[in-house]
Amino acid sequence: MRTVFQLFFTFFYIGAFTLGGGYAMLDMVERAVVDKRRWMEKDEFWDMITIVQMLPGVVAVNTALYTGYKIKGIRGAIAACLGAIIPSIVIILLIAVLFLDYKENPAVERVFRGIRPCVVALILSPAIKMFINAKVNWKTAILPIATVCLIYFLKVSPVYIIIATIVGSIGFAFYSQNKLNKSKP
Amino acid sequence: MIYLQLFWAYLKIGIFGFGGGYAMLSMIQFEIVEHYQWMSLEEFADIVAISQMTPGPVSINMATFTGYTVGGFWGSILASFALVLPSLLLFLIVLKFLFKNKDNYIVKTTLSSMKPVIAGLIFTAALLMMNANNFSDFGLHGSNISIIICVLTFVGVFWAKINPILLIIASGLVGYFVY
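First to last, the sequence lines map onto chains A and B. Numbering that gives the first Met the number 0 applies: residue 0 is where the first sequence begins, and numbers increase by one. Numbering that gives the first Met the number 0 applies: residue 0 is where the second sequence begins, and numbers increase by one.
Think of the hints as simulated: they come from the structure by calculation, not from any bench. The beta-carbon is built from N, C-alpha and C at its ideal position, and this holds for glycine as well. It is possible that part of the hints are untrue.
[Said to hold, decoys possible] Simulated coverage check for chain A against chain B, where a stretch passes if three residues somewhere in it have a Cβ under 8 Å from a Cβ of chain B: (1) 0–12; (2) 25–39.
[To be verified] A short list of chain A residues far from chain B (calculated; beta carbon distances all over 10 Å): (3) Asp46; (4) Glu103; (5) Ser182.
[As the list claims (entries may be wrong)] Heads up, simulated BS3-like pairs for lysine-lysine below, C-alpha to C-alpha not over 27 Å straight-line: (6) Lys128/A x Lys154/A; (7) Lys160/B x Lys71/A; (8) Lys41/A x Lys11/B.
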């Protein structure tokens, strides 16, 4: 039972004190899970990160689930997951209550008029990074262009696009593996 | 009814939320703003900014905040719960498989060939937010402060690797003193 509480509080602490989410958090999780608690070796930790990034869902939550499950099974997974999300929920609820009261305030409105164009750029930046990371070339450029057109103009849900992409990507993977095998002497 | 819609919207995002926080953000935007029209794009932009500046995973913050705006206290709990539920279920089935096969050719090729689409997904989120309300002074009295903020933020975060939280604070201060 003690370990279950430790799992909860370790991820609670990480959830309450890491700003910026995602990758800023990994460093802190590594220190807690590998260096402090010794729940896993460094190699296993980074293997875990590679894998949780492949999975759908929130990276921090998946990391908590994996660590918790490894240490204490289902109970550990649930404890770590709750620890990771409860601080967010509590803090955001407090802010949301305040924000909905004050958003008509002229000073607050001025601040957010400045912030909105900043947010657009903050989303644009990871999009461009992902283009570079995906090594988009003239042939594959059709994929992001089609995605933009489908969502922006035709209002197709990203969910359908993701489903189609998963099916297409698995198909492509098998096709290119076959081609690879055939080209081998 | 609204609770059911909220639950369903975030459940879908939890199941198909490949590609990290920003990809999920574009899915949240589609469900909340485009599909159900629960809020405007500028309210959404405000929530993104607050979620970035608050501790914890950004997508959980977004789910809680949008859930609260749409359905009050229980809406926020429901949205966050729906977002993590698929991970909890999927995880046990998929994880063992992935751990064994993480260097497998099929697994790797499948994931890397999803990247161009995810890039398009995130790009669309930014594109949708480039509207007249988020760039409130565009075309008025020759003032283009919002464009300047957007360009400088992009340079700051993309090339100079400045912490996004600092850029949000700086933009807020500019807004406060200029508008």
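Please name the hints from earlier in the document that this structure breaks, with their numbers sorted from lowest to highest. Of the numbered hints given earlier, those the structure breaks are 1, 2, 3, 7 and 8, listed in rising order.
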